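Here's the letter readout for the chains.
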Amino acid sequence: MADNDSRRRLRRNLLTAMGGVLLGGCDALSRSEWFPKILRAGEVLSRRVQHAVTPRKSMAQEFTERDLSPTFRSNGTANPEDAAYQAFAQDRFSGWQLQVDGLVEQPMGFSLQQLRAMRSRVQITRHDCVEGWSAIGKWKGVPLADVLSLVRPTSAARFVVFHCADPMDLAGTKYYESIDMEDAYHPQTILAYELNDSTLPIGNGAPLRVRIERQLGYKMAKYIMRLQLVDSFAAIGRGRGGYWEDQGYEWYAGI
Amino acid sequence: MLDAEPEAIPKPEPAPRGYLYYRHALIVRITHWINAIALAILLMSGLQIFNAHPSLSWGKSSYSNRAPIFETGAATTADGRTIGTTRIFNYTFDTTGVLGLSRDGGRQVAKGFPSWITIPSFQWLAMARRWHFFFAWLLVINGCVYLTFSFCSRHVARDLLPTRLDWRSIGRSILDHVRFRHPGGAAAARYNVLQKLTYLAVIFVLLPLMVLTGWAMSPRLDSMPSGWVDLIGGRQAARTLHFVVAWTLVLFVLIHVFEVLISGLWNNLRSMITGRYEIAPEPSSREPM
Numbered sequence: 001m002a003d004n005d006s007r008r009r010l011r012r013n014l015l016t017a018m019g020g021v022l023l024g025g026c027d028a029l030s031r032s033e034w035f036p037k038i039l040r041a042g043e044v045l046s047r048r049v050q051h052a053v054t055p056r057k058s059m060a061q062e063f064t065e066r067d068l069s070p071t072f073r074s075n076g077t078a079n080p081e082d083a084a085y086q087a088f089a090q091d092r093f094s095g096w097q098l099q100v101d102g103l104v105e106q107p108m109g110f111s112l113q114q115l116r117a118m119r120s121r122v123q124i125t126r127h128d129c130v131e132g133w134s135a136i137g138k139w140k141g142v143p144l145a146d147v148l149s150l151v152r153p154t155s156a157a158r159f160v161v162f163h164c165a166d167p168m169d170l171a172g173t174k175y176y177e178s179i180d181m182e183d184a185y186h187p188q189t190i191l192a193y194e195l196n197d198s199t200l201p202i203g204n205g206a207p208l209r210v211r212i213e214r215q216l217g218y219k220m221a222k223y224i225m226r227l228q229l230v231d232s233f234a235a236i237g238r239g240r241g242g243y244w245e246d247q248g249y250e251w252y253a254g255i
Numbered sequence: 001m002l003d004a005e006p007e008a009i010p011k012p013e014p015a016p017r018g019y020l021y022y023r024h025a026l027i028v029r030i031t032h033w034i035n036a037i038a039l040a041i042l043l044m045s046g047l048q049i050f051n052a053h054p055s056l057s058w059g060k061s062s063y064s065n066r067a068p069i070f071e072t073g074a075a076t077t078a079d080g081r082t083i084g085t086t087r088i089f090n091y092t093f094d095t096t097g098v099l100g101l102s103r104d105g106g107r108q109v110a111k112g113f114p115s116w117i118t119i120p121s122f123q124w125l126a127m128a129r130r131w132h133f134f135f136a137w138l139l140v141i142n143g144c145v146y147l148t149f150s151f152c153s154r155h156v157a158r159d160l161l162p163t164r165l166d167w168r169s170i171g172r173s174i175l176d177h178v179r180f181r182h183p184g185g186a187a188a189a190r191y192n193v194l195q196k197l198t199y200l201a202v203i204f205v206l207l208p209l210m211v212l213t214g215w216a217m218s219p220r221l222d223s224m225p226s227g228w229v230d231l232i233g234g235r236q237a238a239r240t241l242h243f244v245v246a247w248t249l250v251l252f253v254l255i256h257v258f259e260v261l262i263s264g265l266w267n268n269l270r271s272m273i274t275g276r277y278e279i280a281p282e283p284s285s286r287e288p289m
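From first to last, the protein sequence lines stand for chains A and B. The first sequence maps to residues 1 to 255 in my numbering. The second sequence maps to residues 1 to 289 in my numbering.
In case anyone wonders, no lab produced these hints; they're calculated from the structure. As the structure is a prediction and not an experimental result, all values here were calculated from the model. All C-beta atoms, glycine included, are put in the ideal place defined by N, C-alpha and C. One or more hints might be untrue.
Stated by the list, open to error - What follows is a list of derived Cβ distance ranges for each label pair:
hint, chain 1, residue 1, chain 2, residue 2, range
1, A, Asp169, B, Asn65, 32 to 38 Å
2, B, Tyr91, A, Ser198, 34 to 40 Å
3, A, Arg48, B, Trp33, 25 to 31 Å
4, A, Ala145, B, Ile232, 54 to 60 Å
What the hints assert, rightly or not - Rough simulated footprint, nothing fancy, chain A against chain B, three-plus residues with beta-carbon under 8 Å:
hint, region
5, 42-54
6, 60-74
7, 215-223
8, 233-239
9, 263-276
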């Protein structure tokens with residue numbers, strides 16, 4: 001009896017130890033320098049194959065008013081703790097301007113009124129968060145392509161970088177994101193200033209957030225202050241193309 | 001008395017010996033083990049991804065006026081204790097220690113699945129996605145190799161498709177299974193009908209469903225053609241199906257391993273490593289048909 005018990009205990013301890021070694025091994029591999037680089041091959045393959053099998057201008061699904069989420073969840077920053085931003089918010093962003101510069105022939109600034117006066121696009125789309133939840137909202141905004149046609153990117157421009165107002169850590173690192181020209185000129189890529197027929201709330205990125213409907217939520221920067229056209233984002237932040245990319249998330253977020 | 005030849009002393013019959021039968025082709029064996037590893041890692045990294053939003057809904061989005069159909073969380077009881085809870089439809093269970101609240105590094109942490117079943121063991125969504133997508137590709141490529149081989153070599157037609165005889169023996173096969181009895185002799189060389197149907201369901205229904213519902217969660221693939229995701233109930237429904245089918249595969253693996261154990265662990269294991277399966281000389285538990 002006692003023998004059986006001790007054997008059972010031994011077996012259980014052995015199993016626990018084996019499981020521990022395997023799991024510990026996976027954790028060690030995750031923390032290593034080399035193994036995540038091998039794993040990344042999967043992400044690279046996903047981006048290549050997804051681009052090969054979907055047309056450049058394939059359209060994200062658009063929904064009807066019946067599908068709208070009752071409230072559109074505010075995720076990440078809900079209200080940027082930044083003095084300059086709060087000053088803009090105080091007077092309803094009347095003094096705010098979107099700066100567009102970098103590799104463009106004509107750097108320009110756009111007030112909210114100027115953006116609202118331009119051609120607009122309305123779309124009811126689903127927002128997929130990397131965490132796994134999704135919400136459907138109705139967005140109104142100016143196509144990024146229209147803004148770009150005014151500033152005229154040079155032939156060297158390869159990416160649009162979104163510089164945002166929200167500080168993400170105690171050091172004051174500001175949120176930023178970047179997309180390639182294919183997504184920048186996609187018809188559903190808009191700089192949105194309205195959500196569900198109302199002025200874009202601060203929780204969802206007022207005064208301006210970008211919609212990139214074929215990628216995950218973290219690409220869709222909120223509280224946009226400046227667009228910068230670049231040929232490389234290696235010199236921005238930690239060089240991975242976005243705040244979350246610098247924390248280990250993939251730059252391509254189509255999956 | 002007639003002289004009779006002395007009765008021949010019957011020679012002892014040679015001890016009955018089984019023979020080794022070449023059961024699994026090399027490609028089947030290799031793809032089997034790659035599949036086993038990939039599925040284990042996909043499950044564990046998938047549960048880490050689930051933990052980032054430990055809630056499942058049905059429909060086109062998570063927020064649609066309908067309550068989630070499965071959710072884990074942590075709650076505080078009237079006497080001030082923190083407990084882990086799991087809600088399935090309208091029923092809530094106390095699942096402290098496993099779901100909702102579990103030990104991690106010596107303290108209780110609010111999380112969906114516990115650390116011993118996730119990769120990485122601690123909360124790290126970006127890394128879990130890397131593991132998941134790498135092994136998802138491995139699973140798909142491995143599956144394509146297996147399917148190409150299995151169709152070309154007629155493995156599917158010869159070994160997996162039930163014969164007319166199989167269909168007629170289905171009642172008996174069910175009885176055999178619930179009594180944990182397994183055919184010996186020549187009958188053991190072939191898969192039984194329940195085994196065939198189970199393998200067919202895993203290969204042609206469950207695994208393709210995993211891949212399809214995985215694709216359905218990709219915003220880029222959802223655009224090609226736009227709206228196809230609604231055919232499987234919507235994007236959040238796809239995430240729920242992905243979860244349910246994953247656990248159906250776990251159930252399959254548990255039964256599979258159980259059957260391997262009770263029908264001869266070493267013989268089964270050897271046949272999936274060297275390819276050779278020993279056929280016992282006599283039917284051990286039932287006569288051949």
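Here is what the structure says about each hint:
no.: 1; hint: Asp169/A x Asn65/B: 32 to 38 Å; verdict: holds, 36 Å
no.: 2; hint: Tyr91/B x Ser198/A: 34 to 40 Å; verdict: holds, 38 Å
no.: 3; hint: Arg48/A x Trp33/B: 25 to 31 Å; verdict: holds, 28 Å
no.: 4; hint: Ala145/A x Ile232/B: 54 to 60 Å; verdict: violated, 33 Å
no.: 5; hint: 42-54; verdict: holds (count 5)
no.: 6; hint: 60-74; verdict: holds (count 6)
no.: 7; hint: 215-223; verdict: holds (count 7)
no.: 8; hint: 233-239; verdict: holds (count 3)
no.: 9; hint: 263-276; verdict: violated (count 0)
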